[in-house]
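Enquirer: Given only the sequences and the hints, what does the whole structure look like? Please build it.
Number of protein chains: 2
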Amino acid sequence: MMKAFVLRKETSELQLETLQIPVIGDNDVLIKMKSAALNRRDVWICKGKYAKIEYPAVLGSDGSGIVEKIGNNVSKEWLGQEVVIHPSLNWGENPSAQSKNYSILGMPTQGTLAEYCAVPAENIFPKPVHLSFDEAGAFPLAYLTAYRAVVRQANVLPGHKVLITGIGGGVALAAFDIARALGARVYATTSSDDKLLKFGLLGGNGGAIYTTDNWDSDVMMATNGFDVIIDSAGGPNFNKLTNITVPGGTIAVYGATVGAVPELNLHRIFWKQLKIIGSTMGNTDDFRDMLAFMNTHKLRPVIDSVFTFENTPNAFTRMAASEQFGKIVVRISE
Amino acid sequence: MMKAFVLRKETSELQLETLQIPVIGDNDVLIKMKSAALNRRDVWICKGKYAKIEYPAVLGSDGSGIVEKIGNNVSKEWLGQEVVIHPSLNWGENPSAQSKNYSILGMPTQGTLAEYCAVPAENIFPKPVHLSFDEAGAFPLAYLTAYRAVVRQANVLPGHKVLITGIGGGVALAAFDIARALGARVYATTSSDDKLLKFGLLGGNGGAIYTTDNWDSDVMMATNGFDVIIDSAGGPNFNKLTNITVPGGTIAVYGATVGAVPELNLHRIFWKQLKIIGSTMGNTDDFRDMLAFMNTHKLRPVIDSVFTFENTPNAFTRMAASEQFGKIVVRISE
Numbered sequence: 005m006m007k008a009f010v011l012r013k014e015t016s017e018l019q020l021e022t023l024q025i026p027v028i029g030d031n032d033v034l035i036k037m038k039s040a041a042l043n044r045r046d047v048w049i050c051k052g053k054y055a056k057i058e059y060p061a062v063l064g065s066d067g068s069g070i071v072e073k074i075g076n077n078v079s080k081e082w083l084g085q086e087v088v089i090h091p092s093l094n095w096g097e098n099p100s101a102q103s104k105n106y107s108i109l110g111m112p113t114q115g116t117l118a119e120y121c122a123v124p125a126e127n128i129f130p131k132p133v134h135l136s137f138d139e140a141g142a143f144p145l146a147y148l149t150a151y152r153a154v155v156r157q158a159n160v161l162p163g164h165k166v167l168i169t170g171i172g173g174g175v176a177l178a179a180f181d182i183a184r185a186l187g188a189r190v191y192a193t194t195s196s197d198d199k200l201l202k203f204g205l206l207g208g209n210g211g212a213i214y215t216t217d218n219w220d221s222d223v224m225m226a227t228n229g230f231d232v233i234i235d236s237a238g239g240p241n242f243n244k245l246t247n248i249t250v251p252g253g254t255i256a257v258y259g260a261t262v263g264a265v266p267e268l269n270l271h272r273i274f275w276k277q278l279k280i281i282g283s284t285m286g287n288t289d290d291f292r293d294m295l296a297f298m299n300t301h302k303l304r305p306v307i308d309s310v311f312t313f314e315n316t317p318n319a320f321t322r323m324a325a326s327e328q329f330g331k332i333v334v335r336i337s338e
Numbered sequence: 005m006m007k008a009f010v011l012r013k014e015t016s017e018l019q020l021e022t023l024q025i026p027v028i029g030d031n032d033v034l035i036k037m038k039s040a041a042l043n044r045r046d047v048w049i050c051k052g053k054y055a056k057i058e059y060p061a062v063l064g065s066d067g068s069g070i071v072e073k074i075g076n077n078v079s080k081e082w083l084g085q086e087v088v089i090h091p092s093l094n095w096g097e098n099p100s101a102q103s104k105n106y107s108i109l110g111m112p113t114q115g116t117l118a119e120y121c122a123v124p125a126e127n128i129f130p131k132p133v134h135l136s137f138d139e140a141g142a143f144p145l146a147y148l149t150a151y152r153a154v155v156r157q158a159n160v161l162p163g164h165k166v167l168i169t170g171i172g173g174g175v176a177l178a179a180f181d182i183a184r185a186l187g188a189r190v191y192a193t194t195s196s197d198d199k200l201l202k203f204g205l206l207g208g209n210g211g212a213i214y215t216t217d218n219w220d221s222d223v224m225m226a227t228n229g230f231d232v233i234i235d236s237a238g239g240p241n242f243n244k245l246t247n248i249t250v251p252g253g254t255i256a257v258y259g260a261t262v263g264a265v266p267e268l269n270l271h272r273i274f275w276k277q278l279k280i281i282g283s284t285m286g287n288t289d290d291f292r293d294m295l296a297f298m299n300t301h302k303l304r305p306v307i308d309s310v311f312t313f314e315n316t317p318n319a320f321t322r323m324a325a326s327e328q329f330g331k332i333v334v335r336i337s338e
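These protein sequence lines are chains A and B, in that order.
Reading the first sequence from the start, the letters are residues 5 to 338 in the working numbering.
Reading the second sequence from the start, the letters are residues 5 to 338 in the working numbering.
Zero decoy hints are in this set.
Computed from the model, here is a short list of chain A residues facing chain B with C-beta under 10 Å: (1) A101; (2) K104; (3) G238; (4) V257; (5) E267; (6) Q277; (7) I281.
Rather than coming from a laboratory, the hints here were simulated on the basis of the structure.
Idealized CB from N, CA, C, for every residue including glycine.
Expert: Written out as structure tokens, the structure reads:
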């Protein structure tokens with residue numbers, strides 16, 4: 005038996021329950037979890053604001069651990085290995101977009117907020133040796149999403165000026181880390197002076213508080229415009245983003261937390277020949293390439309906080325308040 | 005002296021006037037015009053709805069003719085040649101977008117609706133031998149814009165399903181011609197049964213009347229979605245376009261005649277990993293490649309109507325009413 009946090013429709017609260025340890029198929033592995041991490045997605049599912057929620061759900065898309073059992077078709081070399089989990093399931097054949105069968109680990113499949121997690125063997129990769137289990141459990145979804153947006157979709161190059169909105173979130177910080185490693189100059193927006201300060205301490209090149217008047221003309225004055233913007237907010241600020249992108253520049257969009265864009269100025273988009281490119285998660289090639297890039301550049305996710313397994317509900321409270329700067333980790337076992 | 009149609013601020017009407025024949029610089033050529041053609045841009049300038057209008061203006065961005073004089077630095081081989089004019093001036097060094105100095109032939113520079121037109125020698129190209137002067141005077145801006153949108157930006161490939169909005173316009177028909185030559189299956193939308201019929205007679209694979217209810221779900225049912233959409237309308241229908249694009253697909257935008265997009269659904273764009281790519285006109289490489297493509301595939305612009313030079317104002321009236329199916333040509337000399 006194992007302990008796991010379970011979301012049941014009736015309560016919409018996470019309950020620590022005792023479940024069967026998952027039985028694995030021939031192509032799967034069973035991982036004894038070391039660390040997991042939260043993503044915005046987990047909070048949305050708790051609030052009932054996500055497409056096709058199935059109950060009961062064991063949430064958690066990020067995790068690190070040790071392979072404890074393997075299916076009949078899996079190489080024995082994996083047994084006992086320290087691994088991280090690639091959270092994309094059933095992406096499909098098209099590298100440009102996920103298939104209809106695609107899902108993210110942790111609802112509808114059982115996720116990482118449990119003592120054990122079963123995943124297909126093709127979804128495990130060796131833990132980067134320069135990272136702790138907490139760090140390794142924190143980076144997969146964020147760095148995968150950021151890598152696809154920054155490298156595959158926006159094609160950030162050395163010398164590019166890059167703006168990342170909403171710095172403090174896990175993907176935004178990962179995008180910063182990756183873009184900087186590529187040789188870009190990286191700027192950020194946030195609603196908080198404190199987060200902007202932390203961004204500067206990490207080596208950010210500049211930034212703005214997006215709730216102030218004229219933040220867009222201020223950064224425009226300072227930078228002369230951005231080659232690439234990585235956005236997850238949308239909403240009314242999106243038209244400002246098209247204004248502070250250089251002609252021929254790219255805005256990669258991996259979220260829309262603020263919602264739809266009122267009155268998108270399409271005239272500016274065609275006259276400036278801008279590219280707006282949607283991006284979500286990533287496929288196995290993206291994960292493999294991201295991991296190689298991470299190992300080469302010794303990238304390291306920013307950890308906001310580490311909660312004990314029993315304190316998982318408090319970790320969700322912190323994520324829901326958007327107070328974090330970096331990943332919120334849950335340590336499942338020592 | 006020469007005759008030319010001149011737009012003066014005071015009247016906002018085109019007047020046939022007698023002007024000096026332009027004096028050419030060392031790198032320019034003087035063309036005795038055979039045919040010119042109208043573009044939406046010319047009508048907007050007449051209505052005062054265009055950025056940075058300078059008066060008086062000789063309009064006209066499209067034209068064919070014969071080189072009558074050459075500047076000191078220009079190869080003598082051009083003298084007497086039948087040529088078409090590439091309408092982009094001062095694009096600049098960045099292939100991704102035009103520079104701040106960019107302009108389109110015909111305001112602020114003197115355009116093609118005159119008996120003579122002076123342009124830089126780098127803007128003239130041999131007239132395709134399979135085209136008449138009327139056809140050669142009709143295609144440059146439309147095929148340049150369409151080629152950049154379809155080939156460079158949207159990267160249409162053999163077997164792609166392509167939707168072109170507003171069929172009947174010069175660029176839309178050029179986009180159809182180019183996409184079909186690339187081996188795509190091409191569909192179109194229009195507001196007119198008559199234009200849809202004409203599109204079918206040209207070999208279009210299907211289409212819809214965009215003013216009807218459920219046009220989007222109808223074409224979705226018929227096609228299962230489009231790999232590429234070429235749009236110049238924007239407005240409320242734009243969200244429907246993102247709905248009928250396949251995951252990972254592209255919408256290339258070269259205009260926004262209906263205006264801004266109310267409530268752009270950004271969530272759909274990132275989840276479907278769509279690309280929205282602005283496109284306008286094209287640079288000299290685009291023009292050269294388009295011309296080679298046109299000669300290889302023996303492409304031929306659709307001509308809506310041919311007006312005599314004296315009847316140029318009537319040509320503008322027809323363009324303003326959006327009744328045309330194809331290019332509206334003005335024959336300047338026989």
